Amino acid sequence: MITREVLMKSKAGLHARPASQVVAMAKKYESKITIINGEKEVDAKSIIKILTIGAKEGTQLVVTADGADEVAALEEIATFIADLDE
Amino acid sequence: MKKIQVANRASKGIAMGQAFIVEPQKWTISKEKIAESAISVEQEKFAAVVEEAVAELGVLAEESEIFAAHKEIAEDDTLKETVAMKIAEDGKNAQWALEEAVNEIVEMFEAMEDEYFRERAADIKDVGKRMMAKLLGVKVDPFSGIKEEVIVVAQDLSPSETATMDFSLVKGFVTELGGTTSHVAIMARSMGIPAFVGVMDFRKEVTNDTYLILDALDKEIVCDPTPFEKSEYVKKSEEYAAHKLLLEKIKDLPAATTDKHVVELYANAGSVADVKQAAAAGAEGIGLFRSEFLYMENVKFPTEDEQYEAYKASVEAIGHPMIIRTLDIGGDKGLPYYMFPEEENPFLGWRAIRISLELHDVFCTQLRAILRASAYGKIKIMYPMVTSLREIREANALLAECKDQLRAEGVAFDEDIECGIMIETPAAVMCAEDFAKEVNFFSIGTNDLTQYMLAVDRGNQRISHLYHSFHPAVLRSIHHVILAGHKAGIEVGMCGEFAGEELAVPILLGMGLDEFSMSSSEITTVKAQIRSLSFEECQTLAAEVCALSTTKDVMEYLDSHM
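Same order as they appear, the protein sequences are chains A and B. At the far end of the first sequence sits residue 85, using numbering that gives the first Met the number 0, and the numbering has no gaps. At the far end of the second sequence sits residue 561, using numbering that gives the first Met the number 0, and the numbering has no gaps.
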């Protein structure tokens, strides 16, 4: 399993539109992908769960991936979240 | 007639029409337990409904991103698994299981702290409703009865419902629930439909016989107006439409007076995002890039590369000249990572250029970053709070050193980069003629200039009424600086709030100000104003105003002449 820390820079936070993009990305991979905000840890393949972690501007998130394609999965998703800016 | 004041406007404009009240649909959900043998039938029923909903939302998603999120919700394992479990383990039928599953998820969202995430409960409900209608075999079309132009009044409108509205007949809407960040509010704005959200108990005020006017300019709802009142609103609505059209039309036109005197309208910015907004608003340049935000929103002094990236991205985003003001801190602006000495009089203390000329490393890091970015667009450097020629010369000497370094390193920059100063101290006003010979431009900072010229601390409640940029001393200072600049053949701009003030614009124009820099949102309004003025008349006005001896006389004169 590999992990990476990302800072939510977007003013709007991880809102519905980027969350649905994260889900679409996560579903391409076999690996189990999770997003962690403090004590909340959720499956990145569920939009409902991603929205419930309530990631706002300035939230420090941890993304983990575990499985055969974990490297590519983590790279794509963590980079996407880190680059969100609106 | 009855007028209701409202607080939450979702979207601007004026709309009128007969009220059309959407009654909440009441569905009877069967609460019958199912036999074990029926479990697989109910599971399949639900799976088929999910599939249908996903297909429908897939089509809608092409039109609106909101439905892309709805599609993900419909496909979501959390929802599907919860429903499947309630069917298999609790022996509930598909409808009952769906209702409970949706309610549980909705409760989870409604308990969240942040308004944005709380409002996502509405999206979950909407998807649940879409599925439930399919399970029950009913059609959801609350607007089927609309035959004429109406204002829709509802307890709440889901994005799905909003998307099915026929906007040739629905002129606006009012909901009792929802906030300004709800998806229906966002949709109303993107479609330019006047709308109010969160108007508590509004359905008690109206019936389908009520005629409604939504004045979403002044945040008022008018019920049953007289024909005369209605005609007033028709007039107001036409004026607003004409005004909007005018602003749109002049966006790409120059700020020229009726007698063809052209000035430059620039924007003030503090970040790359601000610069992008300025470009969209039609700014012809950035008259003040407040570099201090790069320092204030950081945990340490920003590195040369960090600054270079920000300046480069900004000048590329505007594609026009950009004036970067070097670090302007001290006074009321501190840094979280640097201890400033305690001072009796911070505004008369160690601030702006005075700090830069002492902290050479910090200043040169910034100058190098600005120089490097100048290879990518027209950048100008501006020193803040200058009071003497010595400061200008010292700063320029450091700038020359930085240029030498970069040249030796083979790094590209604009060899002829222009350097100017802020005029915001009485010393700079009095010595403007001398300063003008050694700089490429002036920019008048009216906020500080007013404070220093009148010796008034703006933050001090007791004397804040004495702070007045229309004071003859301030007006004459501005006039003097413009004349001094022009005598030396350099441009004079202004980057204080005064440059965007309606009453000040004709005076400044008449004094011959070359460049007006203001917040992006004011640009089109000021441009419309300038395009309606005559330069010759403004020159007369400016000369007469400068001859008046009290602030009161100035204000009275402006009142009677504009």
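A couple of the hints might just be wrong.
Derived pair list, reagent style DSSO-like, types lysine-lysine, alpha-carbon separation capped at 30 angstroms [to be verified]:
1) B:LYS11 x B:LYS1
2) B:LYS243 x A:LYS10
3) B:LYS128 x B:LYS250
4) B:LYS30 x B:LYS2
5) B:LYS248 x B:LYS218
6) A:LYS39 x B:LYS128
7) B:LYS1 x B:LYS138
8) B:LYS299 x A:LYS55
9) A:LYS39 x B:LYS79
10) B:LYS124 x A:LYS55
11) B:LYS234 x A:LYS27
12) B:LYS311 x A:LYS8
13) B:LYS203 x B:LYS229
14) B:LYS243 x A:LYS27
15) B:LYS138 x B:LYS30
16) B:LYS11 x B:LYS234
17) A:LYS8 x B:LYS259
18) A:LYS31 x B:LYS229
19) B:LYS11 x B:LYS32
20) A:LYS55 x B:LYS275
21) B:LYS30 x B:LYS128
22) A:LYS26 x B:LYS79
23) B:LYS250 x A:LYS10
24) B:LYS146 x B:LYS79
25) B:LYS248 x A:LYS55
26) A:LYS26 x B:LYS25
27) A:LYS10 x B:LYS229
28) A:LYS10 x B:LYS1
Just so you know, these hints were derived from the structure itself, not from any lab. This structure is a prediction, so every number in the text was calculated from the model and none was measured.
Tested hints:
no.	hint	result
1	B:LYS11 x B:LYS1	21 angstroms, holds
2	B:LYS243 x A:LYS10	29 angstroms, holds
3	B:LYS128 x B:LYS250	44 angstroms, violated
4	B:LYS30 x B:LYS2	45 angstroms, violated
5	B:LYS248 x B:LYS218	26 angstroms, holds
6	A:LYS39 x B:LYS128	28 angstroms, holds
7	B:LYS1 x B:LYS138	36 angstroms, violated
8	B:LYS299 x A:LYS55	23 angstroms, holds
9	A:LYS39 x B:LYS79	21 angstroms, holds
10	B:LYS124 x A:LYS55	23 angstroms, holds
11	B:LYS234 x A:LYS27	56 angstroms, violated
12	B:LYS311 x A:LYS8	20 angstroms, holds
13	B:LYS203 x B:LYS229	22 angstroms, holds
14	B:LYS243 x A:LYS27	46 angstroms, violated
15	B:LYS138 x B:LYS30	21 angstroms, holds
16	B:LYS11 x B:LYS234	16 angstroms, holds
17	A:LYS8 x B:LYS259	46 angstroms, violated
18	A:LYS31 x B:LYS229	61 angstroms, violated
19	B:LYS11 x B:LYS32	50 angstroms, violated
20	A:LYS55 x B:LYS275	23 angstroms, holds
21	B:LYS30 x B:LYS128	17 angstroms, holds
22	A:LYS26 x B:LYS79	16 angstroms, holds
23	B:LYS250 x A:LYS10	28 angstroms, holds
24	B:LYS146 x B:LYS79	39 angstroms, violated
25	B:LYS248 x A:LYS55	38 angstroms, violated
26	A:LYS26 x B:LYS25	37 angstroms, violated
27	A:LYS10 x B:LYS229	41 angstroms, violated
28	A:LYS10 x B:LYS1	40 angstroms, violated
Hint check: violations occur at hints 3, 4, 7, 11, 14, 17, 18, 19, 24, 25, 26, 27 and 28; the rest are consistent with the structure.
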